[in-house]
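Taking the hints into account, I'd like the entire structure generated from these sequences.
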Amino acid sequence: DTEVTQTPKHLVMGMTNKKSLKCEQHMGHRAMYWYKQKAKKPPELMFVYSYEKLSINESVPSRFSPECPNSSLLNLHLHALQPEDSALYLCASSQDVLANYNEQFFGPGTRLTVL
Amino acid sequence: AQSVSQHNHHVILSEAASLELGCNYSYGGTVNLFWYVQYPGQHLQLLLKYFSGDPLVKGIKGFEAEFIKSKFSFNLRKPSVQWSDTAEYFCAVTPYGNNRLAFGKGNQVVVIP
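Sequence order for the protein chains is A and B.
Here the first sequence is numbered in my numbering, starting from 45 and rising by one per residue.
Here the second sequence is numbered in my numbering, starting from 243 and rising by one per residue.
These are calculated hints, taken from the structure and not from any lab test.
We treat Cβ as the ideally placed atom computed from N, Cα and C, and that holds for glycine.
Heads up, some of the hints might be wrong.
Distance condition first, Cα-Cα at most 27 Å in a straight line; then the derived DSSO-like pairs of lysine-lysine [as the list claims (entries may be wrong)]:
1) Lys320(B) x Lys85(A)
2) Lys303(B) x Lys84(A)
3) Lys303(B) x Lys85(A)
4) Lys80(A) x Lys291(B)
5) Lys313(B) x Lys53(A)
6) Lys303(B) x Lys320(B)
7) Lys63(A) x Lys53(A)
8) Lys300(B) x Lys84(A)
9) Lys82(A) x Lys311(B)
10) Lys63(A) x Lys82(A)
11) Lys82(A) x Lys66(A)
12) Lys80(A) x Lys347(B)
13) Lys347(B) x Lys53(A)
14) Lys291(B) x Lys84(A)
15) Lys313(B) x Lys300(B)
16) Lys97(A) x Lys313(B)
17) Lys347(B) x Lys84(A)
18) Lys320(B) x Lys97(A)
19) Lys347(B) x Lys85(A)
20) Lys347(B) x Lys82(A)
To list a few chain A residues with every Cβ distance to chain B over 10 Å, as calculated [to be verified]:
21) Val56
22) Lys62
23) Ser103
24) Arg107
25) Glu111
26) Ala124
27) Asn146
28) Leu159
Estimated spans, in silico, between C-beta atoms of each pair [unchecked claim]:
29) Gln284(B) x Glu102(A): 38 to 44 Å
30) Asn61(A) x Asp296(B): 47 to 53 Å
31) Met59(A) x Ile310(B): 46 to 52 Å
Below, the structure is given as structure tokens:
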């Protein structure tokens, strides 16, 4: 199974809502990532988890809160978002953050709209 | 930190034309190189990758790329494009032993039937 799954596919939320994005992989990968992608732009790294511990936070606002409950799951909790946070949120995984041959496998993304 | 340059952001060509997209990176050490494609409304898919060995790599859908170490380049080619190749193409680089994947700004390719 070389697939990264993400739910939901689409999410519309108000600025006062609390919601969560979920990501799952069953490839035995020990590194998982959250990216944000605006239209016609490349993905921007948000967070990296390595062996279920947060290793990189790219100065992401605290209204985004990641969580890695186990090695297969990655969540992104959302609270008090702004309309400019509307984007495609991509999850990815790779074998190990320090592997020489480090290919990241991407999920289909969650398209988030903040009203 | 490494950076990736892609030029000619918008490319328009006719079916059966040849396509070449340039990718240059700035990093002095050993790198892993990738080309990703994103079809309209779809997610990122890996077209091809280079880790080591033969610098000419073949990917899916008839695409190939050549790694030229001396030029820090990893250009993507396809001899004859189809309408279905209309998509955004991203070059990406990560150094050995590093998980930071640096993307270029992408090439928007439109193939006219």
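- Query: Given the hint that Lys291(B) pairs with Lys84(A), does the C-alpha gap stay at or below 27 Å?
  - Reply: Within the cut-off at roughly 22 Å; holds.
**Request:** With 10 Å as the threshold, tell me whether Lys62(A) passes as away from chain B on beta-carbon distances.
**Result:** Lys62(A) is indeed farther than 10 Å from all Cβ atoms of chain B, at 25 Å.
Regarding the assertion that Ala124(A) does not contact chain B, is the least Cβ-Cβ distance greater than 10 Å? 27 Å, holds
Subject >> Proposed proximity, Lys53(A) with Lys347(B) (alpha carbon, max 27 Å) >> reply: 24 Å, holds
| query | Looking at Val56(A) again, its CB stays over 10 Å from all of chain B? | reply | Non-interface label on Val56(A) holds, nearest chain B Cβ at 17 Å vs cutoff 10 Å.
inquiry  = Would the hint linking Lys300(B) and Lys84(A) be met if the CA-CA limit is 27 Å?
reply    = 26 Å, holds
Does the claim that Glu111(A) lies off the interface hold, with its Cβ farther than 10 Å from every Cβ of chain B? Non-interface label on Glu111(A) holds, nearest chain B Cβ at 19 Å vs cutoff 10 Å.
Q. Is it correct that the beta-carbon of Ser103(A) has no partner in chain B closer than or equal to 10 Å?
A. 14 Å, holds
Review point. Would you say the C-beta atoms of Asn61(A) and Asp296(B) sit inside 47 to 53 Å of each other?
Key: 51 Å, holds
Discussion item. Please verify whether Lys63(A) and Lys82(A) have alpha carbons no more than 27 Å apart.
Written reply: 20 Å, holds
Run the distance test for Lys303(B) versus Lys84(A): straight-line Cα separation, threshold 27 Å.
Holds: Lys303(B) and Lys84(A) sit about 22 Å apart, inside 27 Å.
- Mind checking the alpha carbons of Lys97(A) and Lys313(B) for me, to see if they're no more than 27 Å apart? Judged against 27 Å, a Cα distance of about 37 Å means the pair is violated.
The structure is inconsistent with the numbered hints 5, 9, 16, 18, 27 and 29, although it conforms to all the rest.
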